[in-house]
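Chemist: Residue numbers (the numbering used here), protein chains in the order written: chain A, 4 to 213; chain B, 2 to 199.
Hints may contain errors.
Which chain A residues stay away from chain B? Per the calculated CB distances, all over 10 Å, these [stated by the list, open to error]:
id, residue
1, Asp8
2, Leu22
3, Ser27
4, Phe34
5, Ile41
6, Gly70
7, Pro80
8, Ile89
9, Asp105
10, Ile111
11, Glu112
12, Ser120
13, Glu127
14, Leu196
15, Phe203
Think about it this way: if two alpha-carbon atoms lie no more than 30 Å apart in a straight line, the pair counts; the simulated DSSO-like pairs of lysine-lysine are [stated by the list, open to error]:
id, chain 1, residue 1, chain 2, residue 2
16, A, Lys115, A, Lys207
17, B, Lys40, B, Lys104
18, A, Lys107, A, Lys51
19, B, Lys195, A, Lys97
20, B, Lys40, A, Lys97
21, A, Lys107, B, Lys104
Honestly, the hints are just simulated from the structure, not real lab data. Keep in mind that this is a model prediction, so the values were computed, not measured. Note that the Cβ used here is the ideal one computed from N, Cα and C, for glycine as well.
Chain by chain, the residues:
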Amino acid sequence: MSFFDTYGERLIDAIQIHLFYVLSSVFIGFFIALILGILLSRIPQYAKIIMPLLSIFQTIPGIVFIGVLFLYLGMIPATVIIALAIYAIFPVLKNTYTGLLDVKPEYIEAAKGCGMSPIQTLLEVELPLATPSIITGLRMSTIYTVSWSVLAAMIGLGGLGEFIYIGIASNNNFLILLGAIPSAIMAIILSLLIDVLRRFAVPKGLRSLK
Amino acid sequence: MDISIILEHLYIVFMSVLFSLVVGLPLGILAYLNKPMRKIVLWVVEILQTIPALALLGLIMVVFGAGKVTVITGLVLYSLLPIVHNTFIGLENVDNGIKEAGKGMGLTKYDRLISVEIPLAFPMIFTGVRIATVTTIGVAVFATSVGGGGLGSVIYQGIRTQNMKLILFGTLALMVMAIFFDVLMIWINSRLVKRSSN
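Please model the complete structure; the sequences and the hints are all you need to start from.
Modeler: The following block contains the structure:
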């Protein structure tokens with residue numbers, strides 16, 4: 004097929020770049036969000052004010068983050084990764100925070116009664132119980148990030164968005180599909196992988212309840 | 002820079018949410034009533050959401066050409082997920098006792114749906130509409146790539162000409178819009194819930 008001769012190599016390159024943007028920014032975003040979520044759940048009285056403020060930031064479209072960072076940092080991959088990582092933080096942060104707050108007080112009391120320190124309670128009781136919620140957040144972040152990574156091409160940094168932009172500019176359906184289909188498949192595969200991860204991450208004692 | 006661009010953006014958002022309600026509500030009801038269709042409907046709307054917005058708009062542009070029709074069609078497809086999902090969940094979560102009571106009073110399946118289940122599911126459906134509205138305000142930024150105008154054109158122009166003021170203006174207008182509709186619709190929903198529980 005002539006299509007693979009013409010685009011095969013470029014497509015594989017684009018998929019790799021796209022995946023690199025997604026994985027690195029979700030990875031960074033996830034850890035920042037996890038730490039922030041834990042910290043916020045320790046101070047619920049302030050978090051009540053901070054969370055709505057953060058959700059206001061969430062209304063800023065990803066394109067603005069990329070655009071503004073582009074003006075300051077220039078055309079480097081870090082621009083895309085930082086912008087997407089910021090965007091990936093919020094769903095995980097929100098789910099970590101609500102997941103931790105939803106842990107029933109009696110479990111925390113029971114942990115205290117067993118003589119666990121606050122850190123032990125967090126690591127061995129609260130976080131495992133909040134895991135399903137945290138992973139749901141991770142799944143949302145990942146799907147969004149695959150979608151927003153298309154914007155990397157807007158500032159000339161490759162990825163699957165390149166095909167889409169060129170396709171739209173030259174009215175070429177085939178190129179649009181060449182960018183759209185792999186990115187949709189990537190989002191679906193990554194979310195399936197996270198679903199599997201979720202099954203393993205749920206504490207054994209809780210699995211039978213589901 | 003003037004108000005007409007903001008109005009254009011609002012127009013796109015409003016039309017998209019309206020049409021996705023027209024399409025999404027029956028789909029949600031279908032998913033609720035028809036078990037074999039449920040999986041397909043919920044799966045399709047979820048897949049639609051995973052397609053990058055820009056790609057979806059590009060594909061639709063192939064069919065309808067550049068312009069508002071393309072933008073609105075794309076945004077409708079994109080905001081189906083929250084509406085269909087919430088309609089389905091809302092109907093599913095109506096208390097079984099109430100459904101049984103309806104049956105006991107001799108209401109048919111459709112009578113029950115229209116006069117019992119949909120009214121009770123309404124707050125949940127409305128939440129879906131709210132999520133769709135706020136998301137659409139953000140995604141509508143892409144309208145400009147397929148000739149649909151709106152606030153995205155201001156932001157793109159700002160990025161291209163390295164004009165921080167334009168970017169900030171576009172972004173602030175979007176944020177204010179999203180927050181305004183979010184708060185407004187939460188308020189309307191709480192009034193609805195209060196009235197129906199009295």
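Chemist: Evaluate each hint against the coordinates.
Modeler: Structure-based check of each hint:
no. : hint                : in the structure
1   : Asp8                : holds, 24 Å
2   : Leu22               : holds, 14 Å
3   : Ser27               : holds, 18 Å
4   : Phe34               : holds, 24 Å
5   : Ile41               : holds, 27 Å
6   : Gly70               : violated, 4 Å
7   : Pro80               : holds, 18 Å
8   : Ile89               : holds, 14 Å
9   : Asp105              : holds, 19 Å
10  : Ile111              : holds, 29 Å
11  : Glu112              : holds, 31 Å
12  : Ser120              : holds, 40 Å
13  : Glu127              : holds, 33 Å
14  : Leu196              : holds, 14 Å
15  : Phe203              : holds, 22 Å
16  : A/Lys115 x A/Lys207 : holds, 21 Å
17  : B/Lys40 x B/Lys104  : holds, 26 Å
18  : A/Lys107 x A/Lys51  : holds, 19 Å
19  : B/Lys195 x A/Lys97  : holds, 27 Å
20  : B/Lys40 x A/Lys97   : holds, 28 Å
21  : A/Lys107 x B/Lys104 : violated, 38 Å
Violation of the numbered hints given earlier is confined to hints 6 and 21; the remaining hints are satisfied by the structure.
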